[in-house]
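There are 2 protein chains.
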Amino acid sequence: MLETVWLDDRLVRLVDQTLLPHEVRVVSCATPDEVAGAIRGLRVRGAPAIGVAAAYGIALAAACASALPGAERAHTVEAAGAVLTAARPTAVNLRWAVERMLTKAREARQEEDAAFAALLRREADAIAEEDRAANRLIGRWGEALIRPGERILTYCHTGGLATAGYGTAFGILRAAHEANKGIHVLACETRPVLQGARLTAWELLQHGIPATLITDNAAGALMARGAVDRVIVGADRIAANGDVANKIGTYTLAVLARAHALPFIVAAPISTVDLACPDGAAIPIEERAASEVTHVGGCRIAPEGITVHNPAFDVTPHDLVTAIVTEGGVAAPPFDRSLAALAGAAAGSG
Amino acid sequence: MLETVWLDDRLVRLVDQTLLPHEVRVVSCATPDEVAGAIRGLRVRGAPAIGVAAAYGIALAAACASALPGAERAHTVEAAGAVLTAARPTAVNLRWAVERMLTKAREARQEEDAAFAALLRREADAIAEEDRAANRLIGRWGEALIRPGERILTYCHTGGLATAGYGTAFGILRAAHEANKGIHVLACETRPVLQGARLTAWELLQHGIPATLITDNAAGALMARGAVDRVIVGADRIAANGDVANKIGTYTLAVLARAHALPFIVAAPISTVDLACPDGAAIPIEERAASEVTHVGGCRIAPEGITVHNPAFDVTPHDLVTAIVTEGGVAAPPFDRSLAALAGAAAGSG
Chain U
1 MLETVWLDDR LVRLVDQTLL PHEVRVVSCA TPDEVAGAIR GLRVRGAPAI
51 GVAAAYGIAL AAACASALPG AERAHTVEAA GAVLTAARPT AVNLRWAVER
101 MLTKAREARQ EEDAAFAALL RREADAIAEE DRAANRLIGR WGEALIRPGE
151 RILTYCHTGG LATAGYGTAF GILRAAHEAN KGIHVLACET RPVLQGARLT
201 AWELLQHGIP ATLITDNAAG ALMARGAVDR VIVGADRIAA NGDVANKIGT
251 YTLAVLARAH ALPFIVAAPI STVDLACPDG AAIPIEERAA SEVTHVGGCR
301 IAPEGITVHN PAFDVTPHDL VTAIVTEGGV AAPPFDRSLA ALAGAAAGSG
Chain E
1 MLETVWLDDR LVRLVDQTLL PHEVRVVSCA TPDEVAGAIR GLRVRGAPAI
51 GVAAAYGIAL AAACASALPG AERAHTVEAA GAVLTAARPT AVNLRWAVER
101 MLTKAREARQ EEDAAFAALL RREADAIAEE DRAANRLIGR WGEALIRPGE
151 RILTYCHTGG LATAGYGTAF GILRAAHEAN KGIHVLACET RPVLQGARLT
201 AWELLQHGIP ATLITDNAAG ALMARGAVDR VIVGADRIAA NGDVANKIGT
251 YTLAVLARAH ALPFIVAAPI STVDLACPDG AAIPIEERAA SEVTHVGGCR
301 IAPEGITVHN PAFDVTPHDL VTAIVTEGGV AAPPFDRSLA ALAGAAAGSG
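Each protein sequence line maps, in turn, to chains U and E.
To convert, note that position 46 of the first sequence is 46 in our numbering; the numbers rise steadily by one, no gaps.
To convert, note that position 61 of the second sequence is 61 in our numbering; the numbers rise steadily by one, no gaps.
Warning: the hint list may mix true and false statements.
If the Cβ cut is set under 10 Å, some of the chain U residues that face chain E in the computed set are [as the list claims (entries may be wrong)]: (1) P148; (2) I214; (3) N217; (4) G249; (5) V296; (6) R300; (7) I301; (8) H309; (9) V315.
Read the hints as simulated data drawn from the structure, not as lab findings.
Predicted model, so just to flag it, every value in this text is computed and none were measured.
Note that beta-carbon positions come from the ideal geometry of N, C-alpha and C, so glycine has one too.
Make the full structure from the sequences, and use the hints.
Structure follows, in structure tokens:
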């Protein structure tokens with residue numbers, strides 16, 4: 001399988017997700033600014049994946065600055081952290097990974113140049129490796145919830161390339177397929193950036209998971225005619241009370257799931273839980289460029305001069321969420337308690 | 001303003017809606033088959049507009065066949081009706097307009113050739129003129145429901161080109177704007193064919209109505225933050241009990257409107273009401289080509305080999321509908337009674 005992002009000497013390499021499914025191209029970032037640009041431009045996307053990319057961005061800064069005097073080296077690495085954190089506001093994994101890397105850099109401030117760079121590279125590798133391991137566990141916990149033959153609706157893209165590997169919500173689909181549960185996936189195309197049509201559909205084909213691509217608008221009609229058994233989505237940030245920020249349109253699916261009495265499952269690593277964020281109202285929602293809505297693949301689809309509102313995420317209130325699947329287990333309501341317990345256990349073991 | 005469709009000697013002319021907003025091109029259809037092709041290919045679309053196009057298609061058949069012997073002339077016109085009725089299954093206006101034209105042709109079967117062709121042309125003109133008048137009345141009735149400053153979410157395209165002129169749901173927006181109610185329209189792009197982004201946005205700009213284009217996925221989030229006061233949509237067929245078939249995604253908006261206690265208004269001429277159809281389950285739902293989902297403006301957006309499900313319409317159950325605005329007035333629940341009364345009054349006066 002493709003790696004999502006890695007550090008190759010003094011280049012962060014990543015698979016350019018904007019070119020998929022037409023072309024699998026690896027792009028190289030020579031500076032933390034270029035990594036931040038790749039994150040802003042959605043070349044690398046998915047909450048866990050941008051955390052990993054940012055970690056490698058800081059490892060890159062450490063490698064490039066390793067020979068500088070101590071104060072300057074520290075300043076360079078901290079500045080890289082600031083640039084990377086600012087690249088996108090909603091997914092907390094980005095900030096979480098940067099903070100973890102900066103903590104490591106501060107701990108290692110007395111180290112010689114090569115050792116400093118190696119320590120930070122190892123920390124970034126560890127973040128990636130832990131994310132892959134977390135995804136496998138999410139898949140295993142989530143798979144246990146699935147009954148044979150379920151028709152599972154999913155949204156946006158939460159697969160291998162949205163993470164360090166395997167996937168979150170997508171990991172559950174993979175695990176259920178690998179367990180021969182006979183699932184059928186309904187993949188929503190996910191306007192405006194079409195991560196579902198471009199990336200999820202592609203990964204579903206790669207893994208041979210039976211699937212149908214639908215417009216986001218068809219989800220309600222399919223539920224109304226009893227053609228959906230469960231909804232599984234990822235998350236960009238989960239507040240302490242269980243409110244979930246995820247790709248715009250997730251909230252609509254949650255309202256639909258409730259109206260049709262369907263389980264609405266969120267899958268995310270514990271690094272996506274932000275206990276410092278009391279509820280969804282405190283989560284910043286990124287507004288992205290109008291051109292994401294007015295253009296598709298370079299073709300203009302809307303008239304010049306029309307005003308566009310393009311929020312990239314929405315917040316699903318915790319009372320619409322049936323369960324949150326993490327690597328530490330399945331959190332059930334009340335989420336304020338179950339998430340705190342899972343995060344505490346993870347901090348204790350980590 | 002542009003006419004949507006008209007008969008020009010022996011050519012049905014129509015504005016090609018697939019090319020908008022990039023290009024305003026009038027295409028010509030020399031046969032009823034070509035008119036049916038334009039309807040199937042969405043060059044002309046919108047339930048009332050395809051009714052009018054079909055009417056002109058039969059007027060065209062009558063003009064071309066007028067010199068034939070009686071039985072042959074009748075057969076040609078009936079055959080044109082069959083081809084046109086079969087072009088698309090969901091919007092009842094198509095069948096309604098064809099039946100009205102064929103009834104006129106049967107009544108006129110003794111007429112000389114020029115008189116026969118003229119009678120059918122006049123009937124098609126009457127259908128178009130009545131539709132324009134109905135839209136004006138829908139606008140007036142609907143406008144009375146709007147409070148100053150409302151932010152109104154609309155879906156798909158129900159404007160001048162979706163009708164013989166003025167628009168249904170869009171006509172209410174126009175009327176409210178013309179009455180200086182200070183409305184702001186939220187236009188959903190309406191995947192997969194993007195009628196909202198391409199056509200509604202264009203007509204909103206043409207009329208100077210303050211508006212914002214959003215992805216369909218943003219509707220829920222906007223409602224959740226109190227940024228929507230009302231939803232107004234059109235219809236392709238309304239069953240006797242008030243169930244509404246309309247563009248795929250309408251049902252989702254109705255569920256969202258209910259969850260946020262917002263009025264959900266349907267606007268359509270009485271020709272869209274099908275009293276022979278007891279409820280939504282009896283309305284045929286057109287499945288359209290996968291390429292509508294996998295391609296945008298000629299660009300492929302989904303991987304080769306992915307299975308697609310692309311229903312063009314969904315059914316909103318009557319209990320999610322607040323009111324149905326027709327040219328005869330505003331139908332309120334219980335719709336079985338209010339729609340029968342409006343249709344009866346229309347038949348009495350027609």
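Right, here's what the structure says about each hint:
Hint status for U:P148: violated, given a least beta-carbon distance of 21 Å to chain E, over 10 Å. Because the beta carbon of U:I214 sits about 5 Å from the nearest beta carbon in chain E, less than 10 Å, this interface hint is met. At a threshold of 10 Å, the smallest CB-CB gap from U:N217 to chain E is about 3 Å, leaving the interface hint in force. Proximity of U:G249 to chain E holds as hinted, the smallest CB-CB distance being about 3 Å (cut-off 10 Å).
Because the smallest distance between the Cβ of U:V296 and any Cβ of chain E comes to about 4 Å, under 10 Å, the interface hint for this residue holds. The restraint placing U:R300 at the interface with chain E holds, with a minimum CB-CB distance near 7 Å, inside the 10 Å limit. At about 5 Å, the closest approach between the beta carbon of U:I301 and any beta carbon in chain E falls short of 10 Å, and the interface hint on this residue holds. At its closest, the beta carbon of U:H309 sits 5 Å from a beta carbon of chain E; the interface hint therefore holds under the 10 Å criterion.
Restraint check, U:V315 versus chain E: the minimum CB separation of about 8 Å is within 10 Å; hint holds.
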